[in-house]
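> Sequence:
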Amino acid sequence: MSRSASLGKLGEDLAASWLQQNGYIIRHRNWKSGRTEIDIIAENERYIVFAEVKTRSADFLVDPAAAVNVPKQRTIIFAASVYLKNHNIGKEARFDIISVLTDGEEHVIDHIENAFYPTM
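One point on numbering: in the working numbering, the residue at position 23 of the sequence shown is 33, and numbering is uninterrupted.
Worth flagging that the hints you see were computed from the coordinates, not collected in a lab.
On a predicted model such as this, the values are computed, not experimentally measured, just so you know.
Check before you lean on any hint, since a few could be wrong.
The list that follows gives simulated cross-link-like pairs (lysine-lysine, DSS-like), each with its CA atoms no further than 25 angstroms apart [stated by the list, open to error]:
1) K101 <-> K82
2) K95 <-> K82
3) K19 <-> K42
4) K42 <-> K82
5) K42 <-> K101
6) K19 <-> K82
7) K42 <-> K95
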């Protein structure tokens, strides 16, 4: 596994753990619709949450959440609509970004709720 892939997996593991510790139930990880992958699909009492996880090393200069640009948001929104239809979900959907900064030993997790909306 490449350094980038292992860093990404670490970030997704940390994000999933953080969500569970904060009362979310993880429904799926790395769920695919065609060529689009949603990193984490979770839910709480009110929302079904589609979370994009971005992980960077602590010395990275750009905010990881900035990597989730409008085209990426649109593909996630489309895949989420497929998921909602296929799984007959009645809860309100929410689109979050979870950024993880790590130096290998310490991790900083920033969970941005409602990071983008399906009206794009």
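> Each hint: holds or not?
Status of each hint after checking the structure:
Only pairs whose Cα atoms come within 25 angstroms are accepted, and K101 paired with K82 is accepted, the gap being roughly 23 angstroms. Annotation: proposed proximity of K95 to K82 holds, straight-line Cα distance about 20 angstroms (limit 25 angstroms). For a cut-off of 25 angstroms, the pair hint linking K19 to K42 stands: about 16 angstroms separates their Cα positions. Our distance criterion of 25 angstroms between C-alpha atoms is met by K42 and K82, whose separation comes to about 14 angstroms.
As the CA atoms of K42 and K101 are separated by approximately 20 angstroms, the hinted pair is consistent with the 25 angstroms bound. Note on K19 and K82: the hinted pairing holds, with a Cα-Cα distance of about 19 angstroms set against a maximum of 25 angstroms. Pair hint K42 plus K95 holds up; C-alpha atoms about 14 angstroms apart against a cutoff of 25 angstroms.
The structure meets every hint from the earlier list without exception.
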